[in-house]
Every structure is written in structure tokens, then in C-alpha cells.
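Enquirer: Just so you know, the protein sequences line up as chains A and B, in that order.
Under my numbering, the first residue of the first sequence carries the number 1, and numbering increases by one thereafter.
Under my numbering, the first residue of the second sequence carries the number 556, and numbering increases by one thereafter.
Hints listed in this document are in silico derivations from the structure and should not be mistaken for laboratory results.
Accuracy of the hints is not assured; some may be wrong.
To be verified - Only some residues are given here: those of chain A computed to face chain B with a beta carbon under 7 Å: (1) Ala30; (2) Glu33; (3) Tyr52; (4) Thr345; (5) Ile427.
As the list claims (entries may be wrong) - Derived pair list, reagent style DSS-like, types lysine-lysine, alpha-carbon separation capped at 30 Å: (6) Lys441/A / Lys650/B; (7) Lys290/A / Lys215/A; (8) Lys543/A / Lys650/B; (9) Lys167/A / Lys246/A; (10) Lys650/B / Lys246/A; (11) Lys80/A / Lys650/B; (12) Lys248/A / Lys110/A.
Even for Gly, the Cβ is constructed at its ideal location relative to N, Cα and C.
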Amino acid sequence: MYKYSDFDTAFVAERNRQFRHQVERRISGALTEDEFKPLRLMNGVYLQLHAYMLRVAIPYGTLNSAQMDQLAYLADTWDKGYGHFTTRQNIQYNWPKLNDIPDMLDALAKVEMHAIQTSGNTIRNVTADHFAGAAADEIADPRPVAELIRQWSTDHPEFQFLPRKFKVAVTGSPNDRAVIKAHDIGLRIVQNDQGETGYQVIVGGGLGRTPMIGKVLHDHLPEADLLPYLEAVVSVWNLLGRRDNKYKARIKITVHEHGLEDIRARVQERFDAIRPSFDGIDQELFAGIKSEFAAPAFRSAETAAFDQAYQSNPTFQSWADSNLSDHKAPGYAIVTVSIKKHGQTPGDASSAQMRVLAELARLYGHDELRISHEQNVILPHVHKSDLPDVYAALREADLHTANIGKISDIIACPGMDYCALATARSIPVAQQIATRFDELKLEHDIGHLQIKISGCINACGHHHVGHIGILGLDRAGVENYQITLGGDATETAAIGERAGPGFAYDEIVPAIERLVLGYLDLRAAPEETFLQAYRRLGLAPFKAYLYPEARAHAA
Amino acid sequence: MARAFTPKVVTANALLEGDVIYLAADDSWTRTLSDAELLTDEADAQIRLLHAEQQSERIVGAYLADAIAGPNGPEPTHFREAFRRTGPSNYFHGKQAETHV
């Protein structure tokens, strides 16, 4: 894992010192809220519905056990004993007091963490595949690239007042688990026919008010050209992006309005101009960063203990089938720990659970943890012989839910329970759907199905790319939920199609139940997933289950 | 034609805690909506809002929120204000959990 250099340590300490004084000046009345707000946002501090919120970056979703323990310490010391993992691999604390936040930031700095550029019109926390460095299908670990971009973009003088926020995601695998096509820039590490590593650069993706799937701007960018090329893209958008209308400010609109060819030509021109100023320091730095992400020393051991538990313990078997993924090292597995027990708030972990996860990483996981954009926690490197012990420990901490990729593994934004921007609640809808399908005991029969819920049009809950997307709106002073179908967050990304009129708060869960039971009727075979059935059949037959009264009326 | 004025309360968040607060008739800030001053006159409401906005060292983001008269004081008319006076629905946190109401 990357260790802070002296420069990083000094930079974060200085930033924290400045922010502490800014908070003091705000409290003394020397700064007005209008003056203070941009300063607090640069440091991840929001004011939400009931309290302040501190958003802490977990760069490329990677943590060690000491960092996870410290997140638990913050939750206990300055919050209400829990934290909320977000869809951009951050953690949010929902209840800090303004005058405690400087102490929280100092505590984070002790474990090489910060909240810089987790908000505001800057380049945000760079996210990555949560199986980075572990996945069997990986060409290269995306985290060194993400760290290089973090260092380049942090406090980049040209990019502190962008037209709008700018989000970058990186994957090193052909199977996209980082939703790179719904980012301002998505990078995929690729190899050409000559075996040379490069990047496919995808630009102009994004969800929100105007959802768009990113377009390929460069098919194979040489490794050494990455930073000047990224700088050219952001620079072109910085000048061209619309500052007159914040709903049209994101790069997806710029690409849409100017056309991909025009943007590509402008980027090339800018790239040619600035390329000579990158004299190779970035590549030296990159080489150093890469060495810090060297794989741990994987061990060779028998996996008989795993096989035996798998054969003899049905609950272990069910968990293993749902929550394990293929690892690149023989005898190893990637463990996804669900923090979505049926009825719990998606993405929330208590301080006690965080400590259990940290301890498991120390004992069995080469001291590594990951946070997924799907709001779960990953132990990326566990030897299969240790899995029965890991499972037993997770069970004790109530972290053993076997639902990864299933209907109750729901992404949900905080919604109107916390967020000042929300137009409706999302958490209780997620809780009720998960509880209902647990009661029906149909979850495993239904198979792979992603429900994603947002409490406003900004789409933090990724509803557009959910197989079933739910968007909560305020319709004449009442919560109302729109359903979209057929979205896809992977390498075959697609924006879901709106199914029809919205549902009231007390109608949305029954509507989802009708829809999913309808899918069970419609599927050609148990192996055909919801998304496959949708792609084969289209919207109409699903719509008939959602709106039975319309069908009755037409008959 | 301008829309008829509907009753309002002045609400904001406390600077230090971020907690939801309301302006009371005696110029104090209360954490309880039912203790807020219900403003039924538009000009009066604007003056009370200006008064609140001048207290930048104590509060953040003052605005006028719709409310109606209830048996024990003002009550919310929109669900957003109902959540603000209660707290989140997934945990018993926030105002609903505070004992000094």
C-alpha cells in the first residue's frame, strides 16, 4: 500500500492547520458563512438536514487495518458510533459538530487520511475497481494509476475552480466493477497487440439530471502520456465548460454539445502544447508508486479446510457461493463482506463492525481492506484455508449476510433522512425491499439483480444503471418513486428506461414485488438473469406487472 | 396575480451543532418547532428573516418554511420540514432522541 511521503504528510498537516484557523474565524464571526462555505467544502464539510457531515476520502477504496480502526475511533469519539460508506468509496460521518471537525481531520492525518477534494468543483477522490490487486481477470493493478492521479490533481492550481465537480474512475480489468462509463473520465488499463500497456480513455459519462454513457476519446493512450493527456482533457473542459448553468456544466454536456471529434481535436492540440513540459518526473514518481503497491507475499497451503466446510456447512456454502470471487493467486479468494443485512441501512457500519473487519484484515487478509462503490467491505486477499474462521468471526459480528449481487444488496443514497438536496427518502425503501424479499425466501431463486435507489435527480444512488432503478421525487409535496428498468453499471453499461408513472411511498415496495415475481414468470430458465430477460423481452411485459390496473382497464 | 401568502416560520441550522433551529417570538432560537413564532403577515415574515440573517455568528442558512397553526404551536406542512423537526427514519437519532424537548 502507498505510504505518505514527507511531502504528503506536511501538505495534509498544513491544510489541517489552515482549516482549523478557518473554523475558528467562522465561529468568532470573522468569516461569514458565504466566505466560509467554499473553504469547508474544499475540506469535505457539508451542512445537511440535521447536522454537519464530514466526507472522508478512501482513495481508490483501499484501507489498512489501522486506518479502519481509526475510522471506528472517529465514529465513537465524535459521531454516533457508525459511519456510512458511499457510492464513491468515501465514508461519511453524519453527526459531527463544527468545532470538533479540525480534531477529526488531525486524527485522520495520523493514519494518512484526509477529506481534501471530497467536495467542491475540483477533481474528486479517484475511485477504482474494489478488487484491484486481487482479481483473477486483472491486466494490471489500477491503484498506482489512481494514486498518481490523486497526487497530480490534489491542489492542482489550474483545477481548483472548475465549472463543476470532476470524477475519475480506473479499472485494470476487462470486467468493469468501477462504473467507469458513468464518470467524467473513465480509464481502463489495456494491452495492445504488441503487448504494450496503455489506457483506454472514456470521457463524458455521468448520471444525474442528464445521464450519459461515456464515449471512447482515446483507444490506447501510451502509459507515459497519461498525465499530460488528462491535463489536456480537464484544461479543454475548464475553458469550454458552461459556467452559466450548473445543470449544463459537467463535461458530459460539453462533449454532447461540441461533439466527440471536436473535443478530441481540441484535446490533441492542448496535449501537443503541454506534453514537452512533462519531462519524465511523473514517470519516475509512477515507478515509485507502483513498487509500493507490490502484491503481498501470498502463501501456499492446502485448501482442504475450505472444501470440508463447504461440503458440511450449508450456511457457509451459501455465503461462499454469494460472497467470494476469484483471486489471481492460487488458493486465495476475495471476500466481499455484506454490510447490508436485511433491514439495515445500506453502507452503514458500526464502530464495532469496523474493528472486527480491521482485525480480520490483520489476522487473515495481509492487512488490506477495500470499500466498494456498492457500499460493501472487501477483504481482498484471504487464503481459502482461513475462510471457515473468517466466516465464523463475521457471523459473530452479524456481518455474514450471504447476499452479494442479490436483490437485497441494494445501493441507496442517504436520501431525505440526511441529505439537504434530497427530494424523497431512499434508505427506508431499501430496508423494506430487503426485508420483504427475505420474508419471501426468494432471494437466491431470483439470483443476480441490482436495485439502485436515489433520493433525488443527482443520482448518487446510481439508479440509472440499476437493473431496477428507483428515483425518489417530490410530487406536489408527497414522496413519489419512479422506476427505471434495464440499466447496467458494467462494461456493457446502459441507462435504464423509465417504466411509467411513479408510485407513492407505500406503493413502491409492492410494485417492486409484482415486478420481480413477474420476472420469475417471464424468465426462460432459472439461469436467465433479470437483466438478460429484460434485454430479450423489452419493457412491455414487465410494465404489465408493474401496472396491472392499466392492463385490466385496456382489456 | 401573486399567490396568497401562507404562514411561515423562520428556520436555520445552529452554527456549532448544525442542529435545526427556529426563531421564537422573543427573538431567541428554539430547537422545537412548536415553540417557533408563526408568521402570518408577509412583510412581517421578511423582516423576521432579515433579523435572523444578521445573526451569522450563531446560525447558518436561514429561510422561511411553510407551517400551519396546530393545537400546540406551528406544525409542518411539507414532509421535508417534518423530517427536519424529527430526525432520520432509519435510526432513533436527532431531535426525536433528545430528552430536553
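Enquirer: For every hint, state whether the structure bears it out.
Expert: Comparing the hints with the structure gives:
With 7 Å as the threshold, the beta carbon of alanine 30/A stays out of range of chain B, its nearest partner Cβ sitting at about 9 Å, so the hint is violated. The criterion of a C-beta within 7 Å of any C-beta in chain B is met by glutamate 33/A, whose closest approach is roughly 5 Å, and the hint holds. Below 7 Å, beta-carbon pairs count as interface contacts, and tyrosine 52/A has one with chain B at about 4 Å; its hint therefore holds. Here the hint on threonine 345/A is kept, as its CB sits about 5 Å from the closest CB of chain B, short of 7 Å.
With its C-beta approaching chain B no nearer than about 5 Å, isoleucine 427/A sits inside the 7 Å limit, and its interface hint holds. Straight-line distance between C-alpha atoms of lysine 441/A and lysine 650/B comes to about 36 Å, which puts the hinted pair past the 30 Å bound. The suggested pairing of lysine 290/A with lysine 215/A holds, with an alpha-carbon distance near 28 Å, which does not exceed 30 Å. In summary, the hint linking lysine 543/A to lysine 650/B is not supported, as the alpha carbons are separated by about 41 Å, beyond the 30 Å threshold.
At most 30 Å may separate the alpha-carbon atoms for a hinted pair to count; lysine 167/A and lysine 246/A meet this at roughly 16 Å. Taken as a hint, the lysine 650/B and lysine 246/A pair is broken in the structure, with Cα atoms around 34 Å apart against an allowance of 30 Å. Annotation: proposed proximity of lysine 80/A to lysine 650/B holds, straight-line Cα distance about 14 Å (limit 30 Å). Among the hinted pairs, lysine 248/A with lysine 110/A is inconsistent with the structure: their alpha-carbon atoms are about 39 Å apart, more than 30 Å.
Checked against the numbered hints given earlier, the structure breaks hints 1, 6, 8, 10, 12 and satisfies all the rest.
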